[in-house]
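Engineer: Sequential numbering of the sequence shown, starting at 1, is according to my numbering.
Fair warning: there could be bad hints in the mix.
[Said to hold, decoys possible] Below, a list of computed lysine-lysine pairs in the DSSO-like style, where the Cα atoms sit at most 30 Å apart:
1) 42 to 121
2) 42 to 145
3) 124 to 42
4) 42 to 125
[Unchecked claim] Pairwise CB distance ranges (calculated):
5) 67 to 207: 30 to 40 Å
6) 44 to 165: 41 to 51 Å
7) 136 to 200: 38 to 48 Å
8) 221 to 74: 12 to 22 Å
9) 67 to 197: 32 to 42 Å
10) 164 to 209: 14 to 24 Å
11) 145 to 121: 24 to 34 Å
12) 172 to 200: 35 to 45 Å
13) 116 to 137: 31 to 41 Å
Derived from the structure by calculation, the hints contain no laboratory data. Glycine included, every Cβ here is placed at the ideal spot set by N, Cα and C.
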Amino acid sequence: MKSTGSARASSGSGASTNRLNIILFGPPGSGKTTQARLIAEKYHIPHVEMGDLLRALAAEPTPTGRAVSDDLARGLLVPDDIVLGLVERRLRQPDCARGFILDGFPRSLEQAHLFQRLLEKLGKKPIAAIALEVPRNVVIERIAKRLVCVRCGRVYPAEDAPAHVNRRCRACGGSLTLRRDDRPEIVSRRLRVYTHQTALVIAHYESMGILHHIEALGSPQEVFGRIDSLLRRYFANPYPAMV
């Protein structure tokens, strides 16, 4: 179903009883990491960012870490067993007990099936999958201009003028730079991967009746407004912050 934030909550979602378990999709440059952070901040659920988990593993001086680092540099998908292990460890942490916003996973239909089995094992299930929709030319332009913190990995879009002037991360004070996998040739490969593989995953969640398409043009606040109007159909009030 196509939506700008007015999509209905799936009748099978069990909105009154389920935790706020959300899967967020979008091509590179769609702003999904920014939107995931905004969702996490309002609804007080953790943002589980697959890229962060993989980059942390890639930084480890181990054979697995070096292999993952090479895959990321080449814009390739990391093997399923490695990715699923990272996701399982993260979702078992106490802060995920009442919900999560998953960003960057699953990336293939096989991963989606493996993830479903993992959720069943953990006694969880997704209540909503959100697909951000952005034209390809806009995606390429956004990626070419965005900056990332070398210390914490936070992304700053081109619209964030203060960050681009100061070149310092507001979260941790780290320096901002272009991300190495944002090079044009890597971006093209990542977009091809997204189009050919993730599209099947999106179709899978659409067949489950839990997928919502959200137009991701406009400011981050405008896009979040569309997402928030959808999520408020599942939960009238955000969770209180954990102390």
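Engineer: Evaluate each hint against the coordinates.
Structural biologist: A quick look at each hint next to the structure:
no. : hint                   : verdict
1   : 42 to 121              : holds (28 Å)
2   : 42 to 145              : holds (27 Å)
3   : 124 to 42              : holds (21 Å)
4   : 42 to 125              : holds (21 Å)
5   : 67 to 207: 30 to 40 Å  : holds (33 Å)
6   : 44 to 165: 41 to 51 Å  : violated (31 Å)
7   : 136 to 200: 38 to 48 Å : violated (18 Å)
8   : 221 to 74: 12 to 22 Å  : violated (35 Å)
9   : 67 to 197: 32 to 42 Å  : violated (20 Å)
10  : 164 to 209: 14 to 24 Å : violated (41 Å)
11  : 145 to 121: 24 to 34 Å : violated (41 Å)
12  : 172 to 200: 35 to 45 Å : holds (36 Å)
13  : 116 to 137: 31 to 41 Å : holds (34 Å)
The structure fails to meet hints 6, 7, 8, 9, 10, 11 from the earlier list, while all remaining hints are met.
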